[in-house]
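**Q** Using the hints provided, position chain E relative to the given structure of chain S.
Chains S and E, in that order, are what the protein sequence lines are. Note that the working numbering numbers the first sequence so that position 72 is 72, with each residue one more than the last. Note that the working numbering numbers the second sequence so that position 3 is 3, with each residue one more than the last.
Keep in mind the hints are simulated off the structure, nothing from the lab. Do not rely on the hints blindly, as some may be mistaken.
What the hints assert, rightly or not - In silico SDA-like links for lysine to any residue, alpha-carbon gap of 20 Å or less: (1) S/K21 to E/Y211; (2) E/K217 to S/V17; (3) E/K104 to E/D123; (4) E/K159 to S/E78; (5) S/K11 to E/Q232.
Unchecked claim - Selected chain S positions facing chain E (in silico; Cβ < 7 Å): (6) P8; (7) D9; (8) K10; (9) P23; (10) G24; (11) D26; (12) G30; (13) L32; (14) P37; (15) E67; (16) I74.
Claimed, not checked - Here chain S is said to cover these stretches of chain E; the calculated rule only asks that three of the stretch's residues, wherever they fall, bring their Cβ under 8 Å from a Cβ of chain S: (17) 3 to 15; (18) 37 to 44.
Since this is a predicted model, take the numbers as computed values, not measurements. Glycine included, every Cβ here is placed at the ideal spot set by N, Cα and C.
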Amino acid sequence: MHLEIVTPDKKLFSGEVKSVKLPGTDGSFGVLNNHAPIIASLKKGTVKVTEQNQAVQNFEIKGGVVEVLNNKMIVLAE
Amino acid sequence: MANLKEVRNRIVSVSSTQQITSAMKMVSAAKLRRAQDAVTQMRPYAGKLKEILENLSASLDSSEGVFSRQREANNVLLIVVTSNRGLCGAFNANAIKQANFLAKKQYKGKQISVLCVGKKAADFFKKTEYKIVGSDLPRNASELFDKLTFDNVAPVAEKIMEAFAKGQFDRIDIIYNQFKNAAVQVTTVEQFLPVAPASQENKKSNAVTDYIFEPGKKEIVDDLIPRSLKTQFYKALLDSHAAEHGARMTAMHKATDNAKELIKALKLHYNKARQAAITGEILEIVGGAEALNN
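Just chain S, with the same shape it has in the complex (with noise of 0.2 Å):
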């Protein structure tokens, strides 16, 4: 599944991941490879990110929205 995260000041991240932890508005939730497409909001909180390798990166965002389709994702974070 590829990952994208963009704020409106720079690409944070780009490339193939293994699964994603998000903060939604509603409660924490994890995405992972061919995921039903999704338009969630998120809140303030951590994205965590597992790479294809198991690499584990943290993402600080204060809030934003997430589309996920056909195995793309992008987070819109601020």
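**A** Coordinates of chain E only, in the frame set by chain S:
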């Protein structure tokens, strides 16, 4: 020839001015590149945000939100974006002129307030009868250009949106110079609030994807609209910032060229005067020798 020295002094002063203007051109060119990069950086974000928003609002009546309520425009806020520094041609004058035109013609007789981003606009509107707002902002609006990041700009946009939501203003327009390329800036008036109704071309092809919405369509739209407004405001500032450096670069380029022309003319004048002086001296010597021979 008494003016020989004067001309020499002028040549020296013009060439030092030329040095300054060409240095300023270089600096602006470097800053322009960085400003342009910032505009490019935010494009994917703005594009995706717009896409999602259009996708959502196609199936949702969005004319009910706090920010899209159309009211009779009695209290108008004009956000005038200029630069903090001068020496950039007609850049600031254009934006101020446009704002003045709006206030005098389109919003004639309305209660007009002005929010100045950039010292040049602030200096101008201080002398007019319009109400200046923005003293309650978290930071001075003109300081935004010192460090133009989304985190700095967002609180200002939030304040403006809050004022609209509270009914302090019925209509808010942004006047700024849009960056076309390094040589061309277009003075633009953009409606900031209320949110302009989306164009009616609802592309049905977009609606094919069956998204899950979390927590719900309406909540997401309510969350996205302020975000897209902040992005719009930020984009206007970035655009103006890039345009400013473009305008300054062009202005300084012209100034350098002018100085070059001026130096050429002065050099010609100087050489003419120098030769006239030499001719005069030779004439005197020859005259003196002739007198001795006789």
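**Q** Which numbered hints does this structure break?
**A** Hint check: 2, 9, 12, 13, 17 fail, others pass.
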